[in-house]
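Residues in the sequence shown are numbered from 832 upward in steps of one, following my numbering.
In short, the hints are calculated from the structure, not lab data.
Wrong hints could be hidden among the right ones.
[As the list claims (entries may be wrong)] In silico BS3-like pairs for lysine-lysine, Cα to Cα no more than 30 Å straight-line:
| # | residue 1 | residue 2 |
| --- | --- | --- |
| 1 | K873 | K1048 |
| 2 | K873 | K1074 |
| 3 | K1048 | K1086 |
| 4 | K1086 | K1074 |
| 5 | K1074 | K1048 |
[Said to hold, decoys possible] Taking CB as the label site, the calculated pair distances span:
| # | residue 1 | residue 2 | range |
| --- | --- | --- | --- |
| 6 | G1216 | L895 | 48 to 58 Å |
| 7 | G1216 | K1074 | 40 to 50 Å |
| 8 | D1232 | P994 | 19 to 29 Å |
| 9 | K1048 | R1089 | 13 to 23 Å |
| 10 | S983 | E1004 | 38 to 48 Å |
| 11 | H1148 | D855 | 17 to 27 Å |
| 12 | T1091 | E992 | 49 to 59 Å |
| 13 | G990 | S1193 | 26 to 36 Å |
| 14 | W1192 | L895 | 49 to 59 Å |
If you're wondering where the values come from, they're calculated on a predicted model, not measured in any experiment.
Beta carbons: idealized from backbone N, C-alpha and C, even for Gly.
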Amino acid sequence: MVTANEGARGTDDSKRYTRRVVDDELDELMAGLAAVALEGPKAVGKTATALRRAATVHHLDDTLERSIAQADPGRLLAGRPPILIDEWQQVPESFDRVRRAVDEGAPPGSFLLTGSASPTVPPTHSGAGRIVQVRLRPMTLMERGLDTPTVSLGELLEGREAPIDGQTGVGLEDYVSEVLASGFPGLRGLSDRLARAQLDGYIARIIERDFEELGRKVRRPRALRGWMAAYAAATATTASYEKIRDAATSGQGEKPSRATTQPYRELLERLWILDPVPAWLPTRSRMARVAAPPKHHLTDPALAARLLDVDAATLLHPRGRARAMNPEGTLLGALFESLITLCVRVYAQATEAHTAHLRTWSGDREVDLIVERGSKVLAIEVKLGGTIGARDVRNLLWLRDALGDGLTDAVILTTGPAAYRRTDGIAVVPATLLGP
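Construct the complete structure from the given sequences, taking the supplied hints into account.
Okay, here's the thing in structure tokens:
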């Protein structure tokens, strides 16, 4: 299906490819839209997913192909569709070329773009309404094949009160392994040591190459790594800039200004390494006390664990430094929540929903995840453990009282063995049994 300009790099072993949740979304969009951009961090599987659909391929991260495209951008539109422009941000003009082709009547399924970062120089036009952008995140628990889901997030969001049932043999140690193993497809199946080496290399590339490709020379690599580690330590919290700065610059007398350090955050977000969950800001007056700061997450909890240099033994039996890393709870609890947040965001995107978190200004009420589509709202709490008590459901019950019929369902995702619905109506679901 691919043309010669793809070369040996374009070959795709379909027998080894694991179908992603986003594949269904891409199939539907490409059947009706002329251009789709698949975006996300490096190594998340964008190219492998896109190659399964492409007839003509342009790899713009290849020096020769990039030089040719820069000299003659029109060549990017030539060939049998679908035309894949891989790493389009390397030649930002390619985005505008595709946009204009769509304006001129390109048929559905003409172009597929992939991008691993926002470009240093943005396209002349946003492409809104012409090029639909789709996010690809690391692999979910379902995509990793731990178990077969029995509970659908989409049905929970619809409020259909579908039966909540299912059993799993996946336990706490399995979830810890998945936190550390990473959802990057290329790391799946590696030994622990090899996976750690690959993650170390990934982090080094961000510091040594990716920042410079986005136009910023890193003069103090250790300082940048310190900031990345500080964000990792803040996983699943709403820690302020000042707290993150203090953690990143521990031991320094004079703290750097926001103007000095803000580019770190901006570029890490442009690389999709930081993946914060925004605050839920409902318009209902009875919910006016909610706060606005985002909840911090890295794109993959395995990156956070590697930046903090923790392993399974450290997470399961924290002592000293590991215990102090996440003052709002256990580090394992934070990383587990980050893993589940990754899964929920992927499943929510598949149902055209948005994901946020809820926290009141006083901090007395929190709900880990809010999934919303139109007037439908699903509330989700993440619980490290399998036993659910009254304290675990109190914020969900509070939100249900506040929203009434505006809350379609409420669920606690756990590390336990069984899915069921409590007598108070709250669904309890093992994390690995949740699917889109």
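Consistency of the hints with the structure:
1. K873 with K1048: Holds, at roughly 19 Å.
2. K873 with K1074: holds, 28 Å
3. K1048 with K1086: holds, 21 Å
4. K1086 with K1074: holds, 11 Å
5. K1074 with K1048: holds, 25 Å
6. G1216 with L895: 48 to 58 Å: The hint (48 to 58 Å, Cβ to Cβ) holds, given that G1216 and L895 are roughly 54 Å apart.
7. G1216 with K1074: 40 to 50 Å: violated, 27 Å
8. D1232 with P994: 19 to 29 Å: Given a distance of about 25 Å, which is inside 19 to 29 Å, the answer is holds.
9. K1048 with R1089: 13 to 23 Å: holds, 20 Å
10. S983 with E1004: 38 to 48 Å: violated, 27 Å
11. H1148 with D855: 17 to 27 Å: Once the Cβ atoms are compared, 41 Å apart, the range 17 to 27 Å for D855 and H1148 is violated.
12. T1091 with E992: 49 to 59 Å: holds, 53 Å
13. G990 with S1193: 26 to 36 Å: holds, 29 Å
14. W1192 with L895: 49 to 59 Å: holds, 55 Å
Checked against the numbered hints listed earlier, the structure breaks hints 7, 10 and 11; every other hint is satisfied.
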